[in-house]
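Visitor: Respectively, the protein sequence lines represent chains Z and B.
Mapped onto our numbering, the consecutive letters of the first sequence carry residue numbers 1 to 274.
Mapped onto our numbering, the consecutive letters of the second sequence carry residue numbers 1 to 274.
Some hints could be false.
[As the list claims (entries may be wrong)] Pairs of lysine to aspartate or glutamate, EDC-like flavour, derived with a Cα cap of 20 Å:
| id | chain 1 | residue 1 | chain 2 | residue 2 |
| --- | --- | --- | --- | --- |
| 1 | Z | Lys146 | B | Asp142 |
| 2 | Z | Lys195 | Z | Glu205 |
| 3 | B | Lys177 | B | Asp142 |
| 4 | Z | Lys101 | Z | Asp182 |
| 5 | Z | Lys266 | B | Glu52 |
| 6 | Z | Lys113 | Z | Asp142 |
| 7 | Z | Lys146 | Z | Asp247 |
| 8 | Z | Lys196 | Z | Asp142 |
| 9 | B | Lys265 | Z | Glu52 |
| 10 | Z | Lys265 | B | Glu52 |
| 11 | B | Lys132 | B | Asp182 |
| 12 | B | Lys146 | Z | Glu157 |
| 13 | Z | Lys265 | Z | Asp247 |
| 14 | B | Lys266 | Z | Glu52 |
[Said to hold, decoys possible] Computed spacing ranges between beta-carbons, pair by pair:
| id | chain 1 | residue 1 | chain 2 | residue 2 | range |
| --- | --- | --- | --- | --- | --- |
| 15 | B | Gly258 | Z | Pro31 | 52 to 62 Å |
| 16 | Z | Lys138 | B | Gly203 | 35 to 45 Å |
| 17 | Z | Cys259 | B | Asp163 | 31 to 41 Å |
It is worth saying that the hints were derived from the structure and are not from the lab.
Idealized CB from N, CA, C, for every residue including glycine.
Number of protein chains: 2
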Amino acid sequence: MSRKTEDGAIGIFDSGIGGLTVMREIMRILPQENLIYLGDTARVPYGIRSRETVQRYAVENATFLLSQNIKLIVVACNTVSAVGIDAIREITDVPVIGVLKPGARAAVKNTVKKRVGVIGTEATIQSSAYQKEIKSLKNDIDVLTKACPLFVPLVEEGWLEGDIVEAIISTYLSELKESGIDTLVLGCTHYPLLKKSIQRVMGNEVRLIDSAVETARAVRELLHEKGLISSSDKQGYRAFYVTDSPDRFRNIGERFLGCQIQEIKKIQIPYRIN
Amino acid sequence: MSRKTEDGAIGIFDSGIGGLTVMREIMRILPQENLIYLGDTARVPYGIRSRETVQRYAVENATFLLSQNIKLIVVACNTVSAVGIDAIREITDVPVIGVLKPGARAAVKNTVKKRVGVIGTEATIQSSAYQKEIKSLKNDIDVLTKACPLFVPLVEEGWLEGDIVEAIISTYLSELKESGIDTLVLGCTHYPLLKKSIQRVMGNEVRLIDSAVETARAVRELLHEKGLISSSDKQGYRAFYVTDSPDRFRNIGERFLGCQIQEIKKIQIPYRIN
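Work out the full structure: start from the sequences and follow the hints.
Guide: Take a look at the structure:
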């Protein structure tokens, strides 16, 4: 069981590398915090899997993080944030923050036309979690959604710009574009890397919401509120764990994180606590 | 332990649904055989994972099949055929057939210019398994390879034809096209569904090798050779197991198999034998 004190680390997990966009923002605004990142690269992607399987994976990942000294879990994966957070809360009283609520809140604040678009993986969109969250904040907002299954492989392949990329984006987003939304939630941690191309397809009048920024702010608020913020004046440590070979994680991950990754440890999940 | 008698079933596994193209061909030429298919849909895709992880998954899948009454294992996955077959042979003396050797043999038979192209997932191409196999059959054949990571998500999304699909295929295959090959091995069980578009991009002078057909023939030969062919005059049973929700498997799988899938059972891997 973790100790939940201010010197504990923030545990962050994602199905793979996408969550590094969230870690990057947390590093930026909370540099003194210790961070432990787990990427379940042996079972990525989660977005095509059933709710039940995603929940099982979420609990298994959280169990590993809880075996470390952590004070907070950040679910840096939209799919797990949409369907798996309650399952984690059942096994721990360490606070859990997902990327979904902060993104939804920012969308509600931004929309003037009261028409919001949400894009994400199949699992995230099918869960209707963004719709429910936005509606619960403001009932009269129309929420239009679209699953974009090819975006994750595109980003992982490093295809971020160019004619083919924009043609693929157009195929998925043309209906959303014509629907008159003024706000589009990038409901998958991979999508910020396609931001430039998505903005070009959608036009400048549509504001893109990147939930990584919003989630990092929510983390800072919660730590303050619970008296768990680190009082250290040094930069915190950063530890990286993956469930498959570190090589691919490093190559693609540094693009996501925006800086070099030192050591990456490989572990097996389900994790066996000694 | 399986009994290895003629009334045993043929156990087939793949990381997901791609192997159904192989099952389809086995059903066609060996209709009387009992077939058990396992798709490890909770951990698909394998093509982006490390050799070590693919080997572990291969052994875990084979262990499940061996808990049934099977007389032969067909590895209907190029990635596992490239890196995982030896690991399976270490745990059993039931014969194991992969899709790689039959495809390589057909390519060697077909090429006149002695220039063969091979396309597949990252893991398959990085393993150089096709190159080694083709060279071991005929030393003076040039083998040119290319990993095409976006092809699997394209097929799973049902994008099989059209301008965008051909533009993506061209991006990957233009160098191979200009290299003067006369034979192209589709080194991934998903790729036969893109055959039409790949043929259009490559032109009619290039022969595409679909290893599903070749593998089914190799299975028939081996069963004859070992005296394991079924003497039944009725159609064999077909059983389907998956590790994630059957819904997605059924929707996409019927397109691969070319017929309806009745019951699909969900199991958990690693499988615990009672």
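Visitor: The structure should be examined with respect to each hint, and the outcome stated for every one.
Guide: Hint-by-hint comparison with the structure:
As the CA atoms of Lys146 (chain Z) and Asp142 (chain B) are separated by approximately 45 Å, the hinted pair breaks the 20 Å bound. This hinted pair checks out: Lys195 (chain Z) and Glu205 (chain Z) have alpha carbons roughly 14 Å apart, not beyond 20 Å. For a cut-off of 20 Å, the pair hint linking Lys177 (chain B) to Asp142 (chain B) stands: about 14 Å separates their Cα positions. For the hint pairing Lys101 (chain Z) with Asp182 (chain Z), the CA-to-CA distance comes to about 19 Å; that is within 20 Å, so the pair holds.
Of the pairs offered as hints, the one joining Lys266 (chain Z) and Glu52 (chain B) holds, with about 12 Å between alpha carbons and a cut-off of 20 Å not exceeded. A C-alpha spacing of about 9 Å is found between Lys113 (chain Z) and Asp142 (chain Z), which places the hinted pair at or below 20 Å, so the restraint holds. At roughly 32 Å between alpha-carbon atoms, Lys146 (chain Z) and Asp247 (chain Z) are farther apart than 20 Å, so this suggested pair is violated. For a cut-off of 20 Å, the pair hint linking Lys196 (chain Z) to Asp142 (chain Z) is broken: about 25 Å separates their Cα positions.
Among the hinted pairs, Lys265 (chain B) with Glu52 (chain Z) is consistent with the structure: their alpha-carbon atoms are about 15 Å apart, no more than 20 Å. For the given pair, Lys265 (chain Z) sits about 15 Å from Glu52 (chain B) by alpha-carbon distance, which is consistent with the 20 Å threshold. Between the alpha carbons of Lys132 (chain B) and Asp182 (chain B) the distance comes to roughly 19 Å, so the proposed pair stays at or under 20 Å and holds. A C-alpha spacing of about 14 Å is found between Lys146 (chain B) and Glu157 (chain Z), which places the hinted pair at or below 20 Å, so the restraint holds.
Of the supplied pair hints, the one linking Lys265 (chain Z) and Asp247 (chain Z) holds, its CA atoms being roughly 11 Å apart against a limit of 20 Å. Simply put, Lys266 (chain B) and Glu52 (chain Z) have alpha-carbon atoms about 12 Å apart, close enough for the 20 Å limit, and the pair holds. Here the CB-CB span from Gly258 (chain B) to Pro31 (chain Z) is close to 57 Å, well matched to the stated 52 to 62 Å. The supplied range of 35 to 45 Å is broken by Lys138 (chain Z) and Gly203 (chain B), whose beta-carbon atoms lie about 56 Å from each other.
Between Cys259 (chain Z) and Asp163 (chain B) the beta carbon distance is about 39 Å. The supplied range of 31 to 41 Å therefore holds.
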